[in-house]
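The task is to assemble the complex, starting from two chains supplied on their own in separate frames and drawing on the hints.
Top line first, the protein sequences correspond to chains A and B. Note that this note's numbering numbers the first sequence so that position 47 is 47, with each residue one more than the last. Note that this note's numbering numbers the second sequence so that position 54 is 222, with each residue one more than the last.
You can take every hint at face value.
As a list, the in silico EDC-like pairs of lysine to aspartate or glutamate whose alpha-carbon atoms are at most 20 angstroms apart:
#, chain 1, residue 1, chain 2, residue 2
1, B, K272, A, E130
2, B, K268, A, E76
3, B, K272, A, D153
4, B, K235, B, D190
5, B, K272, A, E76
6, A, K81, A, E31
7, B, K234, A, E107
8, A, K164, A, D153
9, B, K248, A, D97
10, B, K273, B, E302
11, B, K235, A, E107
12, B, K273, A, E76
13, B, K248, A, E93
14, A, K51, A, D97
15, B, K219, A, E130
16, A, K164, A, D144
The set of hints was computed from the structure by calculation and includes no laboratory data. Since the model is a prediction, treat every value here as computed from it, not as a measurement.
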Amino acid sequence: MSDIVLDTNVLADFIASYYKFEINVSGSFEEYKTISRFFAEKLNLINSNYKNYGVLQDGVIIASTFAFVEIARQFEKIANKRFSIIQFRAFIESPPDWFIIYSLNEELFAYLNLLPSYVVMPGGNSLTLEWADTIHVATALSRDEICLLATTDGRLVNIVDIQKRLYL
Amino acid sequence: MNSESVKFLNYSEIESCFKANDFSSVEKIFKNRVVICSVSDILFICEQFKKNNINTTIGILNDNHKKFINSGVYFPQIDKDNLLDNLFDIDENDVQLWEKACNKKISPRFSVSLLALRINSSSFWNEDTFEEMEHYYLNFESY
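Just chain B, same shape as in the assembly (with noise of 0.2 angstroms):
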């Protein structure tokens, strides 16, 4: 699967989709591609819709929530299997936390994002996919 086919959905174009209740745009971009999105950023969007009192009540956000994993999108994990794969670095003699995410200076939503997108042999989606949404972060924090 090339990055043509694989689109990072962002926090931004979440959001939009959940202020609308419309997740038709979501499902224009799957016509042609796999949509993924970071775990941390639905979760945010739950506290963010409540805490700010968002077009919603709980059963709206649940229903929301419904419409958009019905859509199709795909939320990469944090298992046991990743932290293995993801939250280290690796070499013959030593081993280390994988200081781009393992640090206070970016804040958790990020750091889950770049752990559950690091790409590893069971990734489908490449390096471009994972710069977009490090890059989509980088615009609001810094390392």
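Isolated chain A, as found in the complex (with noise of 0.2 angstroms):
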């Protein structure tokens, strides 16, 4: 099964689900904003083989340290009261097993390097790609082939090359 890598919008709403149905005590993930019901049994199928067989089977969920930078950068708008900084140190210190914070390091440059510079959106306008939009494409990209990406961003969802990893 495909690993999956998430951009900060869906880590953040991740980190909400989290602990909005107390997934650390025994709770499931449920749909909830850019968490589709699909993405949800996936999570619960990640989560309750760890529990009961300890395996990663069905993969794991990956998040770049950049995307946790990217809500410190605006926590009050991104994390909207739905967890607190004291939940959001937590969440990093003691993630799930199953989840790995994934390093910003400068062997991202080669997989940054495979991406365009600018994206056709559907109207037929161009715009540019920055690398801080583009670190979470280059994360999946680092990782084996079948990692998926989780974004919601409309300038990632048309990079051409990456349509076979976008799972949202």
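If you want it as structure tokens, here you go:
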């Protein structure tokens, strides 16, 4: 099964879900904002198989440390009282065993280099892509070839070369 | 290790090497010092050179990246431990985000550089190196 990289907004909804549905106790994910019912079921499968059998056969969930930095840069807007700074730090300190906090390091250079500088939107206009926008894509590319990307960024979903990796 | 032995290589200096396809100046610096860079600066190089078609193909950029890395520069990465050490200000009664890096008034590049080079118990560079980086960015941005 595929691993899935979360972008900043999906990560924020994931952390909010984690506390809202008390996943760290015995809760289950439910459909919530960018977490679709299908995605919630996948998360529950990963969680239950790890809890019950100690296996990660259904993949792992990944977020770049940069996604956490982006949440921190606009915490009030993104967290929006759904989780506190203390909960945010607690999640970083002790995420579930099936969640990987992936380093932002210079090795992503080669993967950023594979991505275009511009993306053509459905209406035909071109929008620029900056390194900060594409870190999550590069993170997915740096994993194996079946690592998927959960993103709601309108520019990222229109990058032709990554269509097969889009999850949401 | 004292501050004399650690050199912060700023974006302009990295850019010059990439433009010239020549990293000998970095190697010269290395004779006496450890050279550290911000990870966001090298990723920004990739963006800028592609966007502006500066002296580059994917192959040349990757080759220059390898040459640069092989010169021995050190990039403090942003990993989980870095987040725990540097993203927050903690005292006995409170946990807050480190305001200097955690705001939208500065670029993501500056935020990452502040976090990567913030002094903590595992840093081998000192406050002077951090300030050198900070002053470089402050020439272009303000808090």
